[in-house]
Amino acid sequence: MKKVEAIIKPFKLDDVKEGLSALGVKGLTVTEVKGFGRQRGHREVYRGAEYQVDFVSKIKIEVVMEDELVSDAVHVLQEKAKTGQIGDGKIFILPVENAIRIRTGETGKDAI
Amino acid sequence: MTSPSVELKNARTELLSRFSSGDVSETFQENYSEIVDHYFRRSVQESQAGSLLFRDKKPFALVALGGYGRRDLCIHSDIDVLILFDSRVPSSAKKLAEDLFYPLWNLGLDLGHGMRGIKDCLTLASENLEALTAMMDARFICGESPLYLTLVERLDKKVLRKMALTFSRWLEEQNQMRMAVFGDASSLLEPNLKEGIGGLRDYHHLLWLAKAFFHLRTPKDLEYSGILSHREYADLENHLRFIHLVRNHLHQGSARKNDRLTFDYQERIARALSFKDQDGLLAVEQFLGQLHASMASIKSLHRSFVFTHSPGSRRHDIGSGHSESLTAAFHMDQGEIHFSSATAILSDPLLVMDIFLEGVNAGRPLSLESKRLVREFLYLVDDPFRTSERAARGFLSILKAPNAFEALDQMLETGFLCAFIPELEPVQDRVQFDHYHLFPVGRHLLQTVRHLKTLHQEKDILLADIFLDLPDPAPLFLAALFHDIGKTGKDHAAKGAVLVRNILKRFGYDRKKMEGVCFLVHHHLLLAETATRRDLNDEKIVVQCAERVGTIERLKMLYLLSWADGRATGPRAWNDWIANLVLELFFKILHILERGELATPDASRRMRQSMQQVRSHIGARLSPADQERLFDVMPPNYLIETGPRAIAQHSALYAGLQDTRAKGLDSAFCLESEAEPSSGTYEVTFLAKDRAGLFSDVAGVLALNNINILSARIYTWRDGTAVDIFTVTPPVDPIRTEEIWKKIKRDLAETFQGTLPLSERLQQKAEPSLLSRKKILTRQTRVIVDNESSDFFTLIEVFTDDRIGLLYQITHTLFALGIDIRVAKIATKGDLVADVFYVLDLEGQKVLEREKVEKIRDVLLQVLSTN
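Note that the protein sequences, when read in sequence, are chains A and B.
Under the numbering used here, the first sequence is numbered contiguously, ending at residue 112.
Under the numbering used here, the second sequence is numbered contiguously, ending at residue 1867.
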C-alpha cells in the first residue's frame, strides 16, 4: 500500500478528482493548504503601502491505494494537474504500513 | 400497589411514547413535572423516615427548584429538588433523602438535590448567584408549606432587595459570556436552544429580572403587571412552546441532555414536526427559519426588557432620566428614542421611517414602546409609503450612517424592513442547509453590511485603504444589503440584479449608480469563483474578468463586497486561503484596468466588432461552436492588435496546421508570404507549435536569406501555437522571389530537423561583410528589463541600430539564457530598432531574480555592441 500525496493548483481539483475516480480510486482527502516552493508569494503596492503575500494557496490531496494503482494514479495526476507553468505542484509517494477501517475493523487493502 | 418509583417509571415511559406519537407535544413539560411531583408526594407519604421527622417535630418541605420549579422539565432535564428544614438539618434526614432520591438515581434520571435549613439557603443564595436563580424559581411540592413561604419571603427581603444591582450586573456578565461561548442562536445554523442568545436562558433572565425588580411570582404576571402587552405575552408563550418542543425532540433524539441543535438532528426533527418540502424550500430549512424567528423574538423581548428595566443597564448611565425633545415627533428618554405621540403616526405614517433615521443620527436604539408602535403600524407601510421620496431618502441616509447595522437590525426585528422592501420577505428567514452558511439570508445580508461598516477595525489595512478611495460608497452598501435577495432559487445573483433594479427604481435612485449596484449584485461571486476555480496565470481569464468588471471603481467595490460577503457567510467561506487567491486576482485585474490596454470598454468593443467581422470572413467554414473555441484560444492582445481579415487568414492556416500535426508531424509549420505593393514590403505569416528558441530560428533563417525584418508581432496562442507576423524587406533578387521563399521554407525545415547549423552559417555570412559594411554605431544600445508593467510576463525592451540578423542575435541570446519569448513587438524606424519581448523563464515564471535580470541586460548589451 502506498499513500500518494499531491500539491496542486486549486482550479485543477475537479479534473484531478474525476481522473482518479475514473481509475477506480474510491476516496481521497482534500485540504486547503498554503506554502511556497519555487513559486514564491508576491508583493503588491497599493497607494504606496506594501502588501506582502508570503504563501501561495494550494490544494493538497491524499489518497491511499494499492501498489499496482500507483503508477496509473501518478500518470493521471501529472496529466490532469499540469498547466506547464510554475506552481503546478508536486507528487509524493509514501509507503503505508497498514490501514484499518474504524467501523468494521477491516485491515489492509480491504480497508481502503 | 406499585411503588412510587415504579409508578414514576411507567408514567414517564407512557408519557414518552405519547410524545413520540405526537399525542402530547406542547404540554410535555407540565405533564412530566406533574408526574415527578406525584412521585415526591407519594414517596414522602410512604417514607417512614419522613413520618418520623414530622413526629419528632422536625418538619420539612419539599421544594422544586430551577426548571423543575418553573414546570419546564424537558425529557432529559435535571430535576432539582430541595429538602427544606427550618434551621438545622437533623441527622435522621439522611434516611429520608435515601428514600426519596435513590429510586430516581436507579431510574437513571439526572437529579440535583440539597438538604438545607432556611438560613443556609439564604447564605448560599447571597454567595452563589446561580443558586439564587434556582431558588427564585422555587415551587412548593409537599410537606410543611410555611417553611417554603418563609424561604420565599426572606429570599426576597434579605437577599434580592439588597443584591438587586449586583444581581442584574451578574446577569449582564452572564449574557456576555453566553454571547462569547454560544453565540447568537437566533441566527446560527447550529443553535444552542438553551444557552444561546435568543434561547430559553433569555426568557429565564427576563423572568428573574421581573422577579427581582417587580416581585412577580409567575410568568403570567408579566402580562398582568403590564410589563408585556397581551400580544407580546401571547407571542412569548407560543415561541417558548415551540422551542421547548424542539428541545424535547432533541433530548429524545440524542438520548441525553443535549441543547445544541446540530445538523445531524435537524432533518429528523423537522420531519417529526411535520414540516414538508414546499415552494423550493426544504422542510429542514423551513423548520430552522421558524426556530430562528422564535429565538429572534425572544432575544428582542429580552434585550428591550433589560434595556428598559434593568437598573444596571446602559440606560441608567445615560442622562438622568430627563426627557429630551429631539423634534416635534420624537424625544429621547433615558437614552432611547420615543415617538412623542402615537396618533401622529396615523396622520404621518412616514414617521415610522423617520424614527429609525433619528435613532441612527443620535446613535441610540428605539424604546420597547417605539418598536411596539412600529409593529402595530406596519399596515401603514403601503405602496405610496414605499414609493415616497422622503422614505427613500430616509432609508438611504440610514444606510450611509456609521451605525446603519444597528438600525437595520431593529428594522428587521420589527418587521419594518420587509414591509418597506417586500422583496426581502421571501428570503429573510431562508436557511441554507449546508455546512457553509452560518446565518439565514436576512441576517447574512445585515452581517455583510456590518462587516463593511467596521472594516476600518480590520487588521488588513488594505481594506480600509480601498474603501477610502471610493468616491461614493453608497452603491456598495446597497449591494451588500441586497446581494442575496434573489436567493429563492437557482441563479440567485442574476435574479437578484433584476429585483434590485425594481427596488432602486422605486427609490428613484440615480440611474448610473443603479447600474453599479445591479452589477455588484449580479457579479458578487465573480472574484471568489474565478479565484478558486480558474487559472490566475492565464492572462485571458484575468482579462475577461477585467472586461466584465469594466472600471477600477467597480473592481474595488466588488472586492470589498466579496470580502464582506465571505466574512458574513462563515469561516468556511472566507479564510486566509481564499483571501490569498482573491487578493491575487484583485491586483491582476487592477493592473490590467490601470494600464487600460486590454480591458477598457473601448478595447472590448473593438474586440467584439473584430470578432464579428472575423465570423463573417470565416462564414460557414466553421460551426459557431468551433468559431468560439477558436476565439477562446486567441490571446487578448492578439485579438486587439490583429485585423479581422488577418485573423480569418490565420484561422485557416491554423486549421491546416492542426490537420498536419494530427498526422503526427509535430515539427510541422506553415509559412506564407504576401507582397504589399503599396509599401514595397512583404508580409510573412508563420505558424508552428511553440517552443523556446523557435522565434530565434525563424529570424535566423530570414537573415540568412538576406531578408531584413522591419517589424514583427509574435504571439503564443493559449494552446501553445506560435503565430508570428513579420513585415520584411523583399528578397534581394526580384526575379527569383518565388524561389527564395521556397528556399526559406526548406532552410526552416532543415533547421527544425537539426540538419542546418544556423548559427555557424550566419557567422560565416557575417564575416566578409563585417569589413565592407562596418559602420560606427551611432546610438548607444539600451536594454530595459521591466517586471512592473505586466503581472504575467517580464518585458525586455531593446533599442539599438538596425542591421541584418539583429533580431536573430537578440532572440538567440535570450534563448541561450533560458528565456522563452511569448510575445514580441518589433518596430524599425529609420535605422533605429525598438523591440519589446514579453518573456518567461523555462518554468513559465516571470524573471524576477535580480542576478538573472542583470545578466540578461549585460549579456544583451555585450552581444549588441560587439557587432
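It is possible that some hints are incorrect.
[To be verified] Chain A stretches covered by chain B per the calculated footprint, using a threshold of three residues with CB under 8 angstroms from any CB of chain B:
| id | stretch |
| --- | --- |
| 1 | 3–11 |
| 2 | 71–85 |
| 3 | 89–97 |
No lab work stands behind these hints: they were computed from the structure.
All of these numbers come straight from a predicted model, not from anything done at the bench.
Ideal Cβ placement from N, Cα and C applies to all residues, glycine included.
Unmet hints by their number, sorted upward, for this structure: 3
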